[in-house]
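Protein chains: 6
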Amino acid sequence: MIYILFLFSLLAFTSNAAVNDFCVADLKGPDSPSGYQCKPTKEVTVDDFVFSGLVAGNTTNTFNAALTSAFVTDFPGVNGLGVSAARLDIAKGGSIPMHTHPAATELLIMVEGKITAGFMTPFAVYTKTLKPGDIMVFPQGQLHFQVNSGKGKATAFLAFSSANPGAQLLDLLLFGNSIPSELIAQTTFLDVDQVKKVKRRFGGRG
Amino acid sequence: MIYILFLFSLLAFTSNAAVNDFCVADLKGPDSPSGYQCKPTKEVTVDDFVFSGLVAGNTTNTFNAALTSAFVTDFPGVNGLGVSAARLDIAKGGSIPMHTHPAATELLIMVEGKITAGFMTPFAVYTKTLKPGDIMVFPQGQLHFQVNSGKGKATAFLAFSSANPGAQLLDLLLFGNSIPSELIAQTTFLDVDQVKKVKRRFGGRG
Amino acid sequence: MIYILFLFSLLAFTSNAAVNDFCVADLKGPDSPSGYQCKPTKEVTVDDFVFSGLVAGNTTNTFNAALTSAFVTDFPGVNGLGVSAARLDIAKGGSIPMHTHPAATELLIMVEGKITAGFMTPFAVYTKTLKPGDIMVFPQGQLHFQVNSGKGKATAFLAFSSANPGAQLLDLLLFGNSIPSELIAQTTFLDVDQVKKVKRRFGGRG
Amino acid sequence: MIYILFLFSLLAFTSNAAVNDFCVADLKGPDSPSGYQCKPTKEVTVDDFVFSGLVAGNTTNTFNAALTSAFVTDFPGVNGLGVSAARLDIAKGGSIPMHTHPAATELLIMVEGKITAGFMTPFAVYTKTLKPGDIMVFPQGQLHFQVNSGKGKATAFLAFSSANPGAQLLDLLLFGNSIPSELIAQTTFLDVDQVKKVKRRFGGRG
Amino acid sequence: MIYILFLFSLLAFTSNAAVNDFCVADLKGPDSPSGYQCKPTKEVTVDDFVFSGLVAGNTTNTFNAALTSAFVTDFPGVNGLGVSAARLDIAKGGSIPMHTHPAATELLIMVEGKITAGFMTPFAVYTKTLKPGDIMVFPQGQLHFQVNSGKGKATAFLAFSSANPGAQLLDLLLFGNSIPSELIAQTTFLDVDQVKKVKRRFGGRG
Amino acid sequence: MIYILFLFSLLAFTSNAAVNDFCVADLKGPDSPSGYQCKPTKEVTVDDFVFSGLVAGNTTNTFNAALTSAFVTDFPGVNGLGVSAARLDIAKGGSIPMHTHPAATELLIMVEGKITAGFMTPFAVYTKTLKPGDIMVFPQGQLHFQVNSGKGKATAFLAFSSANPGAQLLDLLLFGNSIPSELIAQTTFLDVDQVKKVKRRFGGRG
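Protein chains in written order, with numbering that gives the first Met the number 0: chain A, 0 to 205; chain B, 0 to 205; chain C, 0 to 205; chain D, 0 to 205; chain E, 0 to 205; chain F, 0 to 205.
Given that identical chains are not distinguished, each listed pair holds provided it fits within a single copy or across any two copies.
In silico BS3-like links for lysine-lysine, alpha-carbon gap of 30 Å or less: (1) 150 x 127; (2) 130 x 152; (3) 91 x 127; (4) 91 x 150; (5) 27 x 41; (6) 152 x 113; (7) 113 x 127; (8) 195 x 91; (9) 130 x 113; (10) 113 x 41; (11) 196 x 91; (12) 195 x 127; (13) 130 x 91; (14) 130 x 27.
Calculated directly from the structure, the hints in this document are not laboratory data. In this text the structure is predicted, and so the values were computed from the model without any measurement.
With these hints in hand, go ahead and build the complete structure from the sequences.
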């Protein structure tokens, strides 16, 4: 009993500052430049801080690869905390083609198999074949790729320096839309025929 | 005389806080994640805050275009201030091909002529023909292009949300290096022949 | 058809991460310390990223000057991106009087005419007469001014390190309100008569 | 009359940029990672920028100490500005036990009496007995304590590098909840009996 | 002995991460946009985290006021932590005239006496007479003042949202230098005679 | 040959902006609040972006656990990028006792086995038993723990929202130093005997 009163005074002690040092995303509300609005603390449960789907994705697709994300839209507990994760599975012969994360650095932690990965700058290329125990960093906004260069499947975990890293596949950007092929050709120095050919593959028109 | 003493007491008043609210780059020293070290305040002159070369560049090159920069390495007064600028000149028929600024947003302020510009996301394309009086924003890290779509030359000023925005031409990243053509082909879905052809243009090997 | 299925698998590939790397302001909603809430991506059009009113303002006013802004409230695409712009027109003999941007650095890009500009610190004054091709930086929060010192009109573009830079004219702060003239005099060392005289000019009372 | 028109042109001059450089918290709305939404400027009064309760708290409690806060939830004017304050009163023999502010640095400004304070890192301990005129900094996230080591009461003001610093008392974290005592013992190397004993004091179960 | 070995294994456990979560300024080295370089951890003592001079300053000067600072240059432990402090003493009849902190928000914590303080925006004035127990916030970059409006001396503590807040007295900026009086008059709408008169007071020339 | 000239003009095109969008740590130089100085770009190799030691650590120690870090001091490529990683191995019966990362959020990605993990706030406890496929977030500065609750060893990868996250074991902070046991007891509400007992275990004195 005395403890109850005691506890009460303790809580009173910090009552005006009854904040937590996190802001779980209320995904039903609007987003903002700093992230989603905070869910009321009373409604927060441990399941907001745990995501249970970081498992192997289905690699039966054109890339023979799958990326399973644990970004803020999957995992509301990371809102505003500047970090998120994903799992990468690449079947034999598959790859994650050239892509960028416009506002996030990526770390790749090798778990199984062999991946040849790299990023390019105007001045140099940084490429390496990675095995379990290796970790590689792809600085923010750099164009990069990951190719399964081993004899079996390859698995890695990815961490990002943003709760909501975009993922932009270069082919989708260049060839998955209706920008006229001539304009794409002019601004990439590719041949128009080549542009049209790859557009057909990526669903683009024009 | 009295004023001198008086002034002295004023300066004493803030003497421990004798800082300025800027940090002009000492370009001879090392860079850091927040920018260059500060030049001692005594050595700072107005010329550190003024750059006089934001003039038309020579457009006699493969792009028929020129970008003249006023970045921290040109203009040490912007160090640490999160902003810089450039001038863009595109001759008739020229363009700034696909490129990204990995860590900066770009504003394009049209001054003369006509430019068709755009950026692409995995979900949509945002493209527009701009005339003097128009300003367009290319959010951080997005792949974008600018084409002179008018009948004469085109001029624009650019502002960036970084004192030191990188500029990465997609062609240089993909074709200006010695990554094996097969690997480029695999990670872009371009034909190997096409890769080799454009590599010859951009000085790449392999 | 196969392409449609193919595209579908591509989209599925990034479906939980279906974010864009921008946050166009929903200007009907509330502001926050990081900017406005994001407009739903589906409602975003290229016109959110383009502002077409960066034209000469009317300089028939007490300053013989006009500032035309492309801030987030004019130009929702810059929300959260840390950059915005404006156009400055100063008629012969005019000026932008002493002012500050409390939370933004300003870049001034000269386009036409001649402007004498400067900013002051407790330790030094940095002032220069600028001509086309010159660019000057006014670090965040510094008191600064721009005077047309040429024989015709002067035009410049401004870039700011904030999507929503305030603009505070010193005269409006000191003389455009109802703070008692005696208090203004005491805290500026100006004569009370002088304070009252300038107050009449700037609509102040008291 | 002319002044009214004149004033009007002045206001027009900045009309699209009619922003203030602050964002007073609308405490009725949701919080976000960058703070609360902004109250409409028209509804802001000087009382949003002034908090009048930074007075001595009641030290008749288990710690013989009181912390009176001026955080954003008390003082909406600090929203988004990265700073807040508190007042600390410690009766003779009292203390603020071990605690952390997970996302804020603390400054302690001594006003009256004597406080022995310190923080610990894995490599060193930084502890000092403070008297009026002393100020001590406790870097962000460090475990620290303050003990009245004088012969009378002690008073200090605290400033924080956050508008909403959490305050986490170590005893509440370890002993004020229902985590099984065995688990607490295992992860602290304390004896289970000790854990149960202190749990009774801090209202914990299990 | 066993404990020594034991401790060794503990330290080894974190040996590659032997960092502290602070960066005490090495004031002999250069400054940078994020603050001073870190002093080697071995050389850091508790005295880097304590400053003992936050005492009453000498108010026998033109303002009848004194500001005693505990900024990073006085108090190296606050380097990089985004917070610092000062003490304000204003004798009867004195004031801190109009000034700004270009890159810091200020909190004023009243300790003794009565201060009338305020800040001005283009749209409103926020002014209040403060007594002990009151705290007022002056948002970043705003022009503000503090006047002793009581019958005795007044004392306050200040906290800032920067380790190195500038302090810019308006009179020094306008009248403490050699900018031609005509130019000051043109850009402030003050009379030239008034400018020259106040310049004599603040040591200005021209 | 023509390509060489051509390439030259391309490089000239961006010559003043010859920056990369990363800053590999020069670990021989001083640290700063934003990270280490940048190694000259010419000296950077792919090995700065790859760390090959993220392997199982030796769990033969008092915790039956090992943390292997890939922080900036191990892995210079992450400097300034706001992200790093580690590998966690916990033998059967082992645990990572209560600890904090004062300036970083932690993500735990389960790879093998079973870990019961949790963090505590003054208002609630968030604890969960994790299996492969689960990921949990521990927000910045929160006290947390990880216990192997399975029948074999457990392995996880950790990602942090900082290139240089501190790791502070609560026992080392409280019991690994020479703070008098009475003072520790007073500020933790533990018994003095208990403090002395655990101090012997963690190498503390006093």
